[in-house]
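4 protein chains.
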Amino acid sequence: MKVGILTGGGDCPGLNAVIRAAVRKGCFHYEDEFVGFLEGWRGVMEDKAVPLDLSVVAGILPRGGTILRTSRTNPAKKPNGLEQCIATLKKNGIDALIAIGGDDTLTVASKLYGKGFNVVGVPKTIDNDLAGTDYTFGFDTAVNVVMEAIDRVHTTAEAHNRVMVVEVMGRDAGWIAIHSGIAGGADVILIPEKPFDIDEVADTIRQRHSRGRYFSIVVVAEGAKFSPSSSGDGSAVSMDGDKDEFGHARLGGIGNILAKELEKRTGFETRTVVLGHIQRGGTPTAFDRVLATRYGLGAIDMVHRGEFGRMAALRGNKIISIPLQEAISKNRTVDQEMMDVASGILEKLNDEKLVNK
Amino acid sequence: MKVGILTGGGDCPGLNAVIRAAVRKGCFHYEDEFVGFLEGWRGVMEDKAVPLDLSVVAGILPRGGTILRTSRTNPAKKPNGLEQCIATLKKNGIDALIAIGGDDTLTVASKLYGKGFNVVGVPKTIDNDLAGTDYTFGFDTAVNVVMEAIDRVHTTAEAHNRVMVVEVMGRDAGWIAIHSGIAGGADVILIPEKPFDIDEVADTIRQRHSRGRYFSIVVVAEGAKFSPSSSGDGSAVSMDGDKDEFGHARLGGIGNILAKELEKRTGFETRTVVLGHIQRGGTPTAFDRVLATRYGLGAIDMVHRGEFGRMAALRGNKIISIPLQEAISKNRTVDQEMMDVASGILEKLNDEKLVNK
Amino acid sequence: MKVGILTGGGDCPGLNAVIRAAVRKGCFHYEDEFVGFLEGWRGVMEDKAVPLDLSVVAGILPRGGTILRTSRTNPAKKPNGLEQCIATLKKNGIDALIAIGGDDTLTVASKLYGKGFNVVGVPKTIDNDLAGTDYTFGFDTAVNVVMEAIDRVHTTAEAHNRVMVVEVMGRDAGWIAIHSGIAGGADVILIPEKPFDIDEVADTIRQRHSRGRYFSIVVVAEGAKFSPSSSGDGSAVSMDGDKDEFGHARLGGIGNILAKELEKRTGFETRTVVLGHIQRGGTPTAFDRVLATRYGLGAIDMVHRGEFGRMAALRGNKIISIPLQEAISKNRTVDQEMMDVASGILEKLNDEKLVNK
Amino acid sequence: MKVGILTGGGDCPGLNAVIRAAVRKGCFHYEDEFVGFLEGWRGVMEDKAVPLDLSVVAGILPRGGTILRTSRTNPAKKPNGLEQCIATLKKNGIDALIAIGGDDTLTVASKLYGKGFNVVGVPKTIDNDLAGTDYTFGFDTAVNVVMEAIDRVHTTAEAHNRVMVVEVMGRDAGWIAIHSGIAGGADVILIPEKPFDIDEVADTIRQRHSRGRYFSIVVVAEGAKFSPSSSGDGSAVSMDGDKDEFGHARLGGIGNILAKELEKRTGFETRTVVLGHIQRGGTPTAFDRVLATRYGLGAIDMVHRGEFGRMAALRGNKIISIPLQEAISKNRTVDQEMMDVASGILEKLNDEKLVNK
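Chains as they are written, first to last, in the working numbering: chain A, 4 to 360; chain B, 4 to 360; chain C, 4 to 360; chain D, 4 to 360.
Treat the hints with care, since some could be wrong.
Identical copies carry no separate label here, and so any pair may be met within one copy or between two of them.
Said to hold, decoys possible - Under the rule of at most 27 Å between Cα atoms (straight-line distance), these lysine-lysine pairs were calculated in the BS3-like manner:
(1) 114 x 93
(2) 197 x 321
(3) 321 x 351
(4) 80 x 51
(5) 228 x 81
(6) 197 x 267
(7) 81 x 93
(8) 197 x 5
(9) 333 x 321
(10) 81 x 333
(11) 80 x 267
(12) 333 x 51
(13) 94 x 51
(14) 351 x 80
(15) 267 x 5
(16) 80 x 118
(17) 118 x 81
(18) 81 x 114
(19) 263 x 114
(20) 80 x 228
(21) 5 x 351
(22) 267 x 81
(23) 228 x 118
Rather than coming from a laboratory, the hints here were simulated on the basis of the structure.
Model the full assembly from the supplied sequences, consistent with the hints where possible.
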């Protein structure tokens, strides 16, 4: 078969591993031929096609980014966009298309499938918040990057008796914040799923200091929010930071606001680190390379089993396929298990022990 | 409650995270008191007890090794060893003991439980081969260490047109080899579960060269074996390398033997790297820190739920408890899913394409 | 002798290595006794003294931060501050004091020496901009942290056809920017020593794109400035960002301003990463651990040679001592050698080749 | 001009950075044209030439190994080998050749220059032992790889009360051993320059244990030797390990022998780690990337200044040129400065304090 591949949306460690795995298994086991479309759906619309073979994918496993590049171009939002895509795919003799991307990319994939084209999806979200799959590749890498940053920041916090606020990715779900916060030994972890009371956060930090720990690490997801019950100061603060195209805060709205409010309330010197783009680049971890490889193998197998209009997904330790619709319909937020881990390991606020309250 | 903790067997990244999590939750949520026994069961036999509190476990999360140190002392093999243990535990007023270790450590734990003492087990094996649990902490760190080594070795292999054999841990199970081999883009992966035909390995490498890839990476678990059907040379070679106390080959028996046999058969320059002890030391990955934290929380919860004679285990994304007996009864070898991933991503041997055969 | 040690100013990888080296050589070779003063000069003013011996410094070599903690307290700015210091030092029976820090810390050291106390200085500045010494510890670590961040950001830039602006430390000198920029393969490097013309920067990026490289990496030191000759937009922009106590920009004034101006001028999507505090924390590189060890050994040797009022300094491959006055009198900015390296490796602007100008 | 480039001898992190720097400055500043010869001198003898331009060198800076590959082929040892080289160079219209390599590669370069060809050398030795230059690229990377391995091994040593012997590269000079040993906090460092007395090493370890440190780290260069004064056991042991083509021990002769002798003498459990090939592969550190870049720039400048028969060298912070003869005539061994650092930081043997002697 002649198979097309594209990568859409934000870049993510592991994209190259998916491409490589699909091409290798396709060449070694199925005698497929491959074509890459550059820059996501833009490449399909504008017929930017490049040949993909074993030599092109050689050596790309450890590399971050995507050799096919990516974009946010959405054919469904252009007049005749989807028709143009189908025309390009036909012109290139493509029998099936593997679309690797997040919600937007997979929504287009689903629509093309609705128009009768053979499409298979591979989920990609560094935030790990896609419904229908246990883990997405890139997430473990992001968590490790954040953890290493927290390890570094720890020494500064300790040396200076400081509160350090580390702002991480996670607009709608706190997966990165909760995993990296636990891994990095954070003292407070704030996630979008649970609006927080700024006074309670300040109390937790004060309690820590009152028992002789003169520094604290706060990990905050960019989408974390003050609870309505927060005191005047907190709720009054504007939360609209500068956002990038994926809705990720660029200037670290919440991190900086939080730092100011905490310094005001506790009197402890407080600093912010906004990790930003370094969370999504670079070489993938072993976990992500294996997982992305499995997604790539799963996708080419789906092509040959004719499982179109579906997406590869990880359930337990198996790669299965689920309808694209199911995946793109809703977000997956932090589950009760991880909430319990966080509340188990974090210091429990105990009013009686509080000195300064 | 007054809770004892010990770590036994080989060291493993994440041990400190388990200790820290149990102590933190015990202190913050249950008002427990903790005692650490030094050097595994030796510390219980010889009453080497140290107090464990929040300040002792502060800052240990990112550290490899174990603050309680470890040993292979086995009280069950000493006269009155178990009785001595119980005496020490009673003398220290211990209500329950958390034993973190592998088969040997947990077997003693099970026997102590048989004698009526309240014991909870936490599984530890860097090889990930313990029955009853999906993942053990330390494994992900080992896989990443090996993967980084393969990444480094890759550049040498490429620059010199060489075959590089990388020998990794795995006496009875090939988990580390198969995960790190896939993550590192190895061309051949040899595991204990599947005895290999040396001529087939040589053919695979020759085939790669014949299609223009002038180097190859072979990952071999220390416990991998030649198949009986292997040609005379291979099967004649003695496989008894120098072993350390955990049965891990120290001088890299299989790696060096394999390299010589491959060089003889293919004519390609072949070199070996034996990773050895660097696989089990150092700071844990985020995955292992979170997993170890979960095991520690699970263990202290088990203590308070009175689930003794049992071991914490990971199933899917939940920590459950299973009888110690179940865990120590058998090894968990590489499953069909990972076998399929390996055979999917690796070059398929195709006789017709072989030039030199 | 009884020797005091303190660390002042911003934290820096290698501080613990200095402390450890001085204590080890003092104990093994000179039979010294040591006292640590906590939180820089504050600890001397307020008599926060802790004993320092071989067991206290065991295991601290790989750790970032400083076990003695640090502060910016300046006794010279408090009434009777210096007298109070001398009183504490005498009370503790201190024969000589090793002060590890930057300009401020060493200025106090120099004043104490002026009042007759035996003080030896060890220079500390992550920015590598101290006159009188070739390299300061911490700098190599910071450069490697930035380089790794650039490596990560590279993949994002490539995948998205983007311009990425990476803002790094360097208020008065561009050492970190120029070293990490060259190591990371940046396309433009902007340092405080050379005010830049925003239009020229935009031209360089356009030229790169016109020869088919669709992404660019710009490294900018926080202290870099628009040249007066820059076009209206640039020079009109306020450069006053939010500063931390060391004058380092916190919200990344220049990085974000630059990104906006470049996007406006080139039309290419541009993003900013502000690395901030992760540049100064974490485990030191081998270079910094060796260098810091040498400074520590040098300092204790100076104490025993009676070279007071002086500072250890690296010249070529020797540790020498120079008067404290000499070191704190002026900044060391990027030298001609490194300027030449940068202009040698960076793309030379060639008007004729420019398509869009 | 038309410039040829080749890389010879063992691979080394930074080779690609040299190639890239020469090509970039040549293209941007001199309008040169470049040809790469594959696999060192073999490529010149057999006319394996590939075009080198800006697009070929794009993205290679962070990669270990060498895009031109390498070999040990020595034309001076083949009949008419040098003549054949000159014939190829003329056929390809090469005006000048940049040869990057160690002693062997540069000796050929020198001979070709003797025959009238325009050759410029760039020194390459991971061991840092080339006369005439302060630092060679690749060395800093190797030292950091070893240091990270020691950091990992540390936790195992501590957890198990063990002596760990880490064998590192360094046949004739102990630069890697002494730098990584100091950076890793080793307790004993053994280098080729100073034959060691095995009983003294055992005493040092015993002394450490007698003051309560129950583990030790020994770093040994592969070329380290027992002193003739060593007791019978030591000197009787055969030191001939298995060597690779560069004379580096493959099976870790000295490391394993040392471990056995130490275990015998001290009674402490002792283990060996032989780091081998991972020391020379992988992405270069910032220091090596900058240094390699400087060598590349220096080489192309030398070509245009007509400084042939000479080699680029680092002196202080300047790249200068020296006659090839001077460089290849002798080895550079560990200097007094570093010897002093080691003896300053290492535990001083004090007989009176020894308990078990």
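Hint check against the structure, violated hint numbers in rising order: Hints 5, 8, 12, 14, 15, 19, 20 and 23 not satisfied by this model.
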